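Here are the chains, one letter per residue:
There are 2 protein chains.
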Amino acid sequence: MKFYKKRTLPLLIGLTLGLGAASSAYSQESLQDVMKARGLTQKDLLAAAKTYTPTGGRDEYIAFSSGGQSGQVIVYGIPSMRILKYLAVFTPEPWQGYGFDDESKAVLAQGRIQGKDILYGDTHHPAFSETNGEYDGRYLFINDKANPRVAVIDLHDFETKQIVVNPFFKSEHGGAFVTGNTEYVMEATQYAAPFSEEFVPLEEFNEKYRGGLTYWKFDNQKGRIDMANSFTFELPPYSQDLSDAGKGPSEGWGFTNSFCTERYVGGIERGRPPFEAGCSQKDTDFLHVTNWKKAEELVKAGKVKQEKGMYLIPLEQAVAESLVYLIPEPKSPHGVDVSPDGTKIIVSGKLDTHTSVYSFEKIQKAIAEKNFEGTDPYGIPIINMKAALHKQVQLGLGPLHTQYDSKACVAYTSLYVDSMVAKWDYCEGKILDKLSIHYNIGHLVSMEGDSVSPDGKYLVSLNKLAIDRFNPVGPLHPQNHQLIDISGDQMQLLYDMPLPLGEPHYVVAIKADKLKPVVRYQSGWDSRSDSRSPYRTRAGREKIEKEGDTVHVYGTLIRSHITPEIIEVEEGDTVSLHFTNLERAEDETHGFALYGQNVNLSVEPGKTVSATFKAEKAGVYPYYCTEFCSALHLEMQGYLLVKPKGYQVAASGMQEGQAYTKADYEKQVKTNVDTQAVIDSVVAYITSHNYKDFSEVVALVEDATDQLGFASEAKKKAEEFAAKEDYQNATLWAGQHWQYQVKTADLGLRAKTFLEEHGATKIK
Amino acid sequence: MKFYKKRTLPLLIGLTLGLGAASSAYSQESLQDVMKARGLTQKDLLAAAKTYTPTGGRDEYIAFSSGGQSGQVIVYGIPSMRILKYLAVFTPEPWQGYGFDDESKAVLAQGRIQGKDILYGDTHHPAFSETNGEYDGRYLFINDKANPRVAVIDLHDFETKQIVVNPFFKSEHGGAFVTGNTEYVMEATQYAAPFSEEFVPLEEFNEKYRGGLTYWKFDNQKGRIDMANSFTFELPPYSQDLSDAGKGPSEGWGFTNSFCTERYVGGIERGRPPFEAGCSQKDTDFLHVTNWKKAEELVKAGKVKQEKGMYLIPLEQAVAESLVYLIPEPKSPHGVDVSPDGTKIIVSGKLDTHTSVYSFEKIQKAIAEKNFEGTDPYGIPIINMKAALHKQVQLGLGPLHTQYDSKACVAYTSLYVDSMVAKWDYCEGKILDKLSIHYNIGHLVSMEGDSVSPDGKYLVSLNKLAIDRFNPVGPLHPQNHQLIDISGDQMQLLYDMPLPLGEPHYVVAIKADKLKPVVRYQSGWDSRSDSRSPYRTRAGREKIEKEGDTVHVYGTLIRSHITPEIIEVEEGDTVSLHFTNLERAEDETHGFALYGQNVNLSVEPGKTVSATFKAEKAGVYPYYCTEFCSALHLEMQGYLLVKPKGYQVAASGMQEGQAYTKADYEKQVKTNVDTQAVIDSVVAYITSHNYKDFSEVVALVEDATDQLGFASEAKKKAEEFAAKEDYQNATLWAGQHWQYQVKTADLGLRAKTFLEEHGATKIK
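Chains as they are written, first to last, in the numbering used here: chain A, 1 to 764; chain B, 1 to 764.
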């Protein structure tokens, strides 16, 4: 149904785009005609202008979204709302070779649960690394709810580098949240379970099932989580949920909310009311307040026991050392969000219409004065709710999460049941604006919204249901992220973006210019361990070596051939392929796919990757480059020949399918001379212009010069064979000379077009 | 680098949007200000207006793109260029539960190669099913280059239903292409290999390596490929490439091009020039012309031998029966495209500047007159090239693929090396327009461009390199699809779309209104076999049954609980979970994830899915719903308890974490009464308006009525327990009553908002 067709189109007199002769393609067409034909209102046109990003344009912010049960992270630009990349994290993904090459298999293997491969994740909350509470653009952390794990993604190359498994938890939802200088990454349980791996009957739920909160130590130097220096709080068997780390005055503290503090266990199949009834009975649940600075001191002082490879702080110790407090919070909260200045903590109870603003100062005062309502069944002091509250505000039905604006005291809270966003003043406790969204908003995110200095500007609403928003694509619908302009007094809906894969839960957004990813690796780089690969191979040094039962292939990839082109092994051999991409040019990725062996690699410029498999059956297995890298891409191929055990090659040589003569050689040489003339003219154009002022063109010229270097080598070989009157090989090498010329011409033409389109000037 | 900032912004006097009081949020902002701030030109604004699609709007065309080595199909809307869905085809994908539930595992298992699981595919060419040469919107076919396979996707639910493995090929590129009434799906080899699974040395390449072309029979009734009635042409060991089926006068014929007809085998590691040199030496390769109608008759007449489960037409038989001809075509072609009227076949040689237009009439005449240049080394007659040609046109450097316009004789050809699209007249042989794209275009697609009546209108350019077009995201770049307006005389670039996952090769685009996917399944549906699941379960009929060592769980999912909530099995048991989603509401998908067992399901409304695994270790394994389905989504949870062998449950019952009194019950009842008042007021609003005129609202009301029905049941239970003075259960059931009320209110409010936003009128 085209809802927008139902809108009334206001008269747009005077809006016709009168364009001059320079853009004659448009002269027949007015903006008004297009708007009328497409049913666009003035509001729509303004939204279009605020989001449309022309070719080559850049987005102002880059959003990193969890991918839900796709197990990935989704990267998109704001305000264009174009998805730039899916990052493979917990799920194997062949385009990236993730889970296919040996190096990334090793990362995934870190995430095994009790020895079992887990081939998906349920990613929920991404978090940027921070320096002094500001996003620093170095790392991204993401959790897996289904199998309590946290992954580290390096934003220098947008690759997953590490997965850690929580040794105590069987479920978590509240991760990842970082402390102000990325000292720790917080991860809290969701559904309580025994901390051991043993069976414990549900009858012992209250005594032996536990929640918890892990502070994963992050080694900022190495860029990896340091499990040995991480610590976990044992907590009561509530359903702990999201967390946030303190800032400024609240630095050193963490805040974790919870639901089902009723400790209810359902069992609808045996006549017990379901979890949803028993877990939402009490009017309040508990905000957990933890003192990580003090816990860290205890750990450093050797006062905390080690268990399962990290430190574990038992409940009794946490209480005895005053490391943990509870504060009542309204019914079944979803989000806990510390204000940018760190003075306030906002919590919404989804089954309450109130959003609660806690004051960190008041919390500290209550602790100091021991202003407690009592203790919970596990002895944790419960801070008097009223003593801790700054304000409670009725925002609407089903309040969930809060994000902050650049303007002081201004926040945005999602209202799930109302399907609205509320803009409000959390200092004064008053509503400033409300906006309907479609439908049922979960999280929301403002630009740099979790940092100490949010930019505000845009807000993205993560809607849980899309229903009729997009063209139908079957029973499983895309999610919908709606972009909202929050730069003015009133919120403006700008754009609906379908999410084509995965069910995002939360997004973080960073200023685009804080990210400085590389376009290539150092040559021979193992990107997963971030070190030079022992299997790196230089051009001309390709080799095949057998060690025991393993055949190691040290190969290279470059436009447009794979070296070696023929690999011979014996049935039963283990084959370990190692390929280095020799390219330096941006975006010159090569892929490698091999028939029937489940081998599929992505090899970006400079990278070295490996694939190890057993050649079980004798046969012929073609391989080829999977990335359309050049005009001769389809010819970038080879054969793995698996010979039967003990097979003796017949003495006969390779039969040529086509024989070449002196005339063929001379014809090819003539073509090459003509092609060189074209190249020379392009080179003349480039060098007569200020191409050095354009870094893109400089890169293309460097690449073209490389190709031309290869061309000379091939030419030399051709001439040597011709001198020996071996016209078969002379013709083929002359052909190869021409292939390098074609690649050079391709680059040269691209450089010339770039110069023409970007107003390069002639050097006088 | 923000290229668009370098553009000059023309003065836009008079373009200020003067908006009335009704839209005060915008009154302070002029279109001109936004354009200036974002560096947009008038051309950009027009492009924005042509592509921007407001909330709830619909796209005019739906594009289906191959996902390359991601193994998926990508669905996006045109002109909004928003990606709507990634369809899992050859690669397991957890969001869709693909490769995780037993039903989809069975589909993937069909694609095993020599008994081995292949966990990716290299998808290349999607094709729609056709009726009388028009896209009919029923099915989509897609091939896998790496492991010669073809998949069938049902567009009724956008799911992969079947994978067939080619029993002869070891590589293919030229699939899938359909005949005019979807009688057959064409698939041609790429790299020649023996048709047997045995090792054959490369020295016997010319004699024993083979290319081929399979015509897969499609059963239009069953919607599945019928292997037993499919046939394969044995062909020479050239690298056969893309195909296209004849239309109109050429109906009954197929056209397949090829490269490396030199039959060159590289070996750069042993001093032989690489494949790329030897495979591009000759000036011409061969267009293969096959008569499938005649071949079909031979098959039906029992004159073709059966092998490996289908029919195989040996080379000698194909020649003897005049089923195959060759025509020289310019150097290393990429695309072969039959014109909409079926009279012409256009082929471009990527290493030649000529694009060749063949006349089907002339081809037939040459065949009738035996106007042959000779035969190839395998005895296939070679039709005289000049006799078959209508025209040859110099379009530019690196011509690849051609697409057709709605205007007669107008075509668009991609120029890879020039990075341009040429619009030209293939009847007269003249160039009409050229447009630069960024960078290195491969395929291109016009709307319904492969059908007998293309719409033209838009063209998408599938660029192989993005380089600097988008914000950087590391060494591995997204691809770039550029949208071009071809409705006028000159082409206009409208939009750059990054492809965030996979390397698309080809796209087909269909009128959106031809697709009528369902939003739900019949209750208890196995979507992969398209039949009622033997494991379907109705509400209240959930059960756990042990058969031998297998525990079958017949469960259900509905907002917001999983039944059963507790599953108990013994260590060593095989557990077979079967879940039916009881929802009928659009977009009410539930997911199911289970800790540590690699179990992750997506269960759309009506679907029944299964997951079978061995409970190897005793322990506690939480499970939960992964799709944020409702306010109580987080509480939609349960536990799998794996007990040690022979474990005896202690007699003690479940300990309640929280005890409820009469006062608690009465408090809950009061809340429920208040909530009912809110529901009643919403119901009053809805029923006092013409809600029946809005199908969306009718669906919401039906869903709300269902929820309210559940609410009454819970209320009744609560009252029964209260009558027995069991206030524990009375309070919990009263709580459950309230949960249903919350769901009802959620739906009601959504319906009310919809009515308000869509101008519903009050019934008098």
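Quick caveat, the hints were computed from the structure, so don't treat them as lab data. It is possible that some hints are incorrect.
Copies of the same chain look alike in the list, so a pair counts if it works inside one copy or between any two.
Think about it this way: if two alpha-carbon atoms lie no more than 25 angstroms apart in a straight line, the pair counts; the simulated SDA-like pairs of lysine to any residue are [claimed, not checked]:
| id | residue 1 | residue 2 |
| --- | --- | --- |
| 1 | 305 | 352 |
| 2 | 370 | 386 |
| 3 | 362 | 523 |
| 4 | 105 | 115 |
| 5 | 362 | 270 |
| 6 | 294 | 385 |
| 7 | 407 | 725 |
| 8 | 365 | 342 |
| 9 | 724 | 382 |
| 10 | 365 | 376 |
| 11 | 457 | 523 |
| 12 | 614 | 109 |
Keep in mind that this is a model prediction, so the values were computed, not measured.
For each hint, the structure was consulted:
no.	hint	verdict
1	305 - 352	neither (40 angstroms within a copy, 74 angstroms between copies)
2	370 - 386	within (14 angstroms within a copy, 99 angstroms between copies)
3	362 - 523	neither (56 angstroms within a copy, 55 angstroms between copies)
4	105 - 115	both (14 angstroms within a copy, 22 angstroms between copies)
5	362 - 270	neither (46 angstroms within a copy, 78 angstroms between copies)
6	294 - 385	within (23 angstroms within a copy, 85 angstroms between copies)
7	407 - 725	neither (81 angstroms within a copy, 55 angstroms between copies)
8	365 - 342	within (16 angstroms within a copy, 84 angstroms between copies)
9	724 - 382	neither (94 angstroms within a copy, 35 angstroms between copies)
10	365 - 376	within (20 angstroms within a copy, 94 angstroms between copies)
11	457 - 523	neither (41 angstroms within a copy, 46 angstroms between copies)
12	614 - 109	both (19 angstroms within a copy, 20 angstroms between copies)
In this structure, the earlier hints numbered 1, 3, 5, 7, 9 and 11 are contradicted, and the remaining ones agree with it.
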